[in-house]
Amino acid sequence: MIKAPKNLKDMPITPLSRPTVASTGITGFWRTFRPILEPAKCNRCLLCWVFCPEGCIKRGAEDMPEIDYDYCKGCGICANECRLGAIKMEREGL
Amino acid sequence: MSRTIIDTGNHIAGYAAKAARAQVVAAYPITPQSPVVEQIAEFVERGEMDAEYIRVESEHSAMTACIGAAAAGARTFTATSAQGLALMHEMLHWASGARLPIVMAVVNRAMAPPWTIWADFSDSLSQRDTGWIQFYCASNQEIFDTVLQAYKLCEDRQVLLPAMVCFEGFILSHTSMPVKILDQEAIDDFLPPYDPVWVLDVGNPFSHGNMVFPEWYMEFRYFIQEAMDNAEKMIPEIDKEYGRRFGFEYGGHIERYRCEDADLVLLSMGTIGSEARIAVDNLRKQGVKVGSARLRVFRPFPKEEIRRLVKDVQMVAAIDRQISFGIEGPLFTEVKASLYGEQDHPLAAGFIAGLGGRDVTFHDIEKIAMKSLEWLRTGKVEEDVTWVGLRA
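Order-wise, the sequence lines are chains A and B. Residue numbering for the first sequence follows the numbering used here, beginning at 1 and increasing consecutively. Residue numbering for the second sequence follows the numbering used here, beginning at 1 and increasing consecutively.
No lab work stands behind these hints: they were computed from the structure. Where a beta carbon is used, it is the ideal one built from N, C-alpha and C, also for glycine. Fair warning: there could be bad hints in the mix.
To be verified - Calculated lysine-lysine pairs in the BS3-like style (CA-CA distance at most 30 Å, straight line):
#1 K380/B x K9/A
#2 K285/B x K233/B
#3 K289/B x K336/B
#4 K9/A x K289/B
#5 K311/B x K240/B
#6 K336/B x K240/B
#7 K180/B x K233/B
#8 K311/B x K6/A
#9 K380/B x K367/B
What the hints assert, rightly or not - Covered stretches of chain B, going by a simulated chain A footprint (3 or more residues, C-beta under 8 Å):
#10 90-100
#11 201-213
#12 315-322
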């Protein structure tokens with residue numbers, strides 16, 4: 001963790017950011033619908049991985065898709081693309 | 001060995017980029033700038049210049065490529081004009097905000113519409129608040145020298161800002177003049193390789209210009225202002241050092257001509273400043289005490305130097321090759337702003353001349369001087385802004 005500078009003298013001349021998970025907040029928080037994968041129905045074709053516009057689907061063990069809920073905004077494209085109906089969208093917070 | 005060649009302002013800007021050992025050049029052609037980058041393309045193609053030449057699909061992309069290259073630690077050069085510069089506008093802020101010392105030749109061309117290809121400063125002066133240093137040249141030799149001086153200034157750790165080296169389209173860009181191309185070893189000694197503070201590195205990834213919250217933003221803007229203040233101090237020092245080494249010196253911020261005992265100083269930028277010398281000589285022959293001061297740097301604006309210039313002068317006439325619609329010429333505005341608060345400041349009058357490439361001759365400048373002196377005699381400037389040569 002980089003410590004925040006205390007005064008002008010300690011500041012860099014321009015902001016430079018190292019790769020950090022959700023440095024300005026977890027954007028998955030914006031989600032209204034949550035994609036739920038049923039591994040039993042999945043044949044690991046990875047169409048969801050290809051189509052996810054946010055890169056929120058990771059290739060897990062033996063290419064089983066894993067959804068990154070820190071960033072997934074619930075657009076539903078993965079569920080729409082899945083030929084086997086292995087991803088269903090559930091309303092958040094219900 | 002140095003050698004003297006006869007060539008156009010555009011080609012000379014290309015020679016300067018080569019002499020500065022620019023490593024990446026990304027550009028998109030536009031009249032009257034195109035020959036700058038054509039010249040560089042030839043140098044690269046012939047293997048005389050060790051640079052990556054990136055052809056892009058727009059000026060926005062040209063500046064973006066320059067930003068990427070500069071962020072990767074390369075000395076970077078580009079050139080544009082008018083609408084091309086306007087298209088770059090967003091990226092100009094990204095370059096200065098990232099504190100990247102990119103040097104760009106701006107071949108001044110009036111903004112359309114009406115469509116035009118001829119010179120005025122409406123393109124570069126529209127970009128005055130982007131955090132770029134702005135130089136204005138009055139000869140092809142000065143273009144060569146200023147590009148080298150600009151790198152020296154911009155890459156200094158106290159500055160780290162990009163700069164535009166501006167010169168008027170066709171008046172300089174397509175006019176051949178003798179120019180001394182300096183000895184490469186001597187240039188290398190004056191301008192050592194760029195030593196960046198930060199460099200993009202895939203092995204140690206980070207990105208720049210990311211979001212900061214309101215409690216941090218202001219400080220980064222303050223740093224740019226501080227860098228501009230440092231540049232204001234360093235410009236005359238670099239000009240002097242350059243003069244010592246190479247024999248070409250331009251008076252730092254302002255090139256003065258017969259200003260010593262002048263009642264009236266004609267203040268201008270670019271080639272109007274060289275034409276003004278003829279007017280000054282003619283008027284001096286008639287016993288009129290007039291001098292010419294040619295501003296070489298518009299950002300940072302040399303406030304202190306303007307105050308020194310007009311200390312014993314009774315009147316200053318600012319000749320602007322640009323109109324800031326709704327007020328007056330920007331040079332006139334800045335001069336008055338610099339003098340506010342000074343005791344016994346001189347009278348000031350603002351003249352708009354030479355828009356869209358209209359010729360400004362020494363006759364016009366003599367008329368400006370006579371009009372100003374008329375107002376000086378009565379003690380009152382009768383017009384807020386005077387348009388020179390406007391049709392009745």
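*asked:* If you count the residues of the region 201-213 of chain B with a beta-carbon closer than 8 Å to a beta-carbon of chain A, do you get 3 or more?
replied: n = 8 at 8 Å, threshold three: holds.
*asked:* For K380/B and K367/B, compute the direct alpha-carbon distance and say whether it is at most 30 Å.
replied: Roughly 17 Å between the alpha carbons, so the hint for K380/B and K367/B holds.
*Would you say the region 315-322 of chain B counts as covered by chain A, given the rule of at least 3 residues with C-beta under 8 Å?*
violated (count 0)
*Between K289/B and K336/B, is the straight-line Cα distance small enough, at 30 Å or below?*
With Cα atoms ~22 Å apart, K289/B and K336/B stay inside 30 Å; holds.
*asked:* Run the distance test for K285/B versus K233/B: straight-line Cα separation, threshold 30 Å.
replied: Judged against 30 Å, a Cα distance of about 36 Å means the pair is violated.
_Verify this for me: three or more residues of the region 90-100 of chain B with a beta carbon less than 8 Å from a beta carbon of chain A._
holds (count 3)
*Would the pair K311/B and K6/A pass a check requiring their Cα atoms to be no farther apart than 30 Å?*
violated (43 Å)
*asked:* Next pair to validate is K9/A with K289/B; report whether the Cα-Cα distance is within 30 Å.
replied: violated (50 Å)
*asked:* Hint check: K180/B vs K233/B, CA-CA at most 30 Å. Holds or violated?
replied: Distance ~27 Å between K180/B and K233/B Cα, so the pair holds.
*Does K240/B lie within 30 Å of K311/B when you go C-alpha to C-alpha?*
With Cα atoms ~23 Å apart, K311/B and K240/B stay inside 30 Å; holds.
*Between K336/B and K240/B, is the straight-line Cα distance small enough, at 30 Å or below?*
Holds: K336/B and K240/B sit about 27 Å apart, inside 30 Å.
*Regarding the pair K380/B and K9/A, is the alpha-carbon distance no greater than 30 Å?*
violated (49 Å)
Figure legend: structure checked against the earlier numbered hints; hints not met, in rising order: 1, 2, 4, 8 and 12.
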